[in-house]
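J.: If you want the building blocks of each chain, they are given just below.
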Amino acid sequence: MIKTKIDNTSTEEFVCEAPNNQVKNESFASNFKYLIVGIIFGIVFVKAEIISWFRIQEMFRLQSFHMYGVIGTAVVVGLISVQLIKRFNIKTLAGEMVSIPDKTFDKGQIYGGLIFGLGWAITGACPGPLFAQIGSGFLAIIITLASAIAGTWLYGAFQNKFPK
Amino acid sequence: MIEFIKQPWHWAVAGVMIGLTVPTLLLMGNKIFGISSSLRHLCAACFPANIEYFRYNWKKEIWNLFFVVGVLLGGIIASQYLSNPNEFIIDENTVKDLKALGVTDFSAMMPSDIFSVENIFTIKGLIFLVIGGLMVGFGTRYAGGCTSGHAIMGLSNLQLPSLIATISFMVGGFAMTHIIMPYIFKLF
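Just so you know, the sequences run in chain order C and B. Read left to right, the first sequence gives residues 1 to 164 (our numbering). Read left to right, the second sequence gives residues 1001 to 1188 (our numbering).
Okay, chain C solo, but in the shape it has when bound:
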């Protein structure tokens, strides 16, 4: 039996898709700044009505520019920001180099992407808005979130069986 020892100080090989690339250890309390960013993000989701099932329907029916405007603007702003960080070598608060791992292609992005797209149109939510919908009092969405966690678990449990 292989014993896996979890050690905060070792450099880990594992990289999840949205990794924490900070080398320096952070205190538990330092995580609260991400809570604040999340709160602002959640407010934007509700106030721009991104959490609305109807806005997603408008998007997939090409009957409103709203969601295309939101996502398009976000990509442009994100793109400019990332280019500025790279060009001027802007450091993180801890003084580290910003590192963004490249994504590698596999067929999962197509198969998984299609499955997510089907689910997105039914639920009217990607994972982010699920949390904001629950916060807004749409309590039935707790079931959607629980199902999404179950879906994640199913993928993890049988990931080797799916073509990539």
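A couple of the hints might just be wrong.
Incomplete in silico selection of chain C near chain B, CB under 8 Å [what the hints assert, rightly or not]:
1) 40
2) 41
3) 74
4) 75
5) 85
6) 88
7) 95
8) 102
9) 128
10) 131
11) 134
12) 144
No wet-lab data here; the hints were simulated from the structure. This structure is a prediction, so every number in the text was calculated from the model and none was measured. Here a beta-carbon is modelled for each residue, glycine too, at the ideal position from N, C-alpha and C.
With chain C fixed as given, assemble chain B onto it according to the hints.
T.: This is chain B only, laid out in the frame that chain C set:
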């Protein structure tokens, strides 16, 4: 001021704020934007079941869980203190199309004839909440990210796999809306 904030926000305002999340997380602590990963960390923390995919140091990624708890709190704050006092407006063609399918409630951001607690144990609940949720969780992990990780973070960093993923999300959404959904609504 508060009255101004209570109105629905323009897409450009939301787009800029969501876009700025990318450099904010990067500069705060080298964090890569991606929300669906939180679902994986929740599995790793609560139900790892000795599955290889969930055997990693999720505590290092706990910032992501703080972030999504924040999103939930943001939802509470926005709906309790900043909610829009005016009528919720939906494009009239969308209303027409959805009425034809059988949707009846257009008064709030989610139609209560589908997404209500009373529907949890019905066929509607099974499809729109359970199966829909399963597809969101399964699909995002299979694709290695969702709208935030691929469409926003990935495209911001000019990643071709993210473009492929984003196109696949859209194709899936169009297929569901135009091809499959009419059959789903015939079930009720």
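J.: Against this structure, judge whether each hint is valid.
T.: Going down the list of hints, with the structure as the test:
{"no.": "1", "hint": "40", "result": "holds (7 Å)"}
{"no.": "2", "hint": "41", "result": "holds (6 Å)"}
{"no.": "3", "hint": "74", "result": "holds (4 Å)"}
{"no.": "4", "hint": "75", "result": "holds (5 Å)"}
{"no.": "5", "hint": "85", "result": "holds (6 Å)"}
{"no.": "6", "hint": "88", "result": "violated (12 Å)"}
{"no.": "7", "hint": "95", "result": "violated (11 Å)"}
{"no.": "8", "hint": "102", "result": "holds (7 Å)"}
{"no.": "9", "hint": "128", "result": "holds (4 Å)"}
{"no.": "10", "hint": "131", "result": "holds (4 Å)"}
{"no.": "11", "hint": "134", "result": "holds (6 Å)"}
{"no.": "12", "hint": "144", "result": "holds (4 Å)"}
Figure legend: structure checked against the earlier numbered hints; hints not met, in rising order: 6 and 7.
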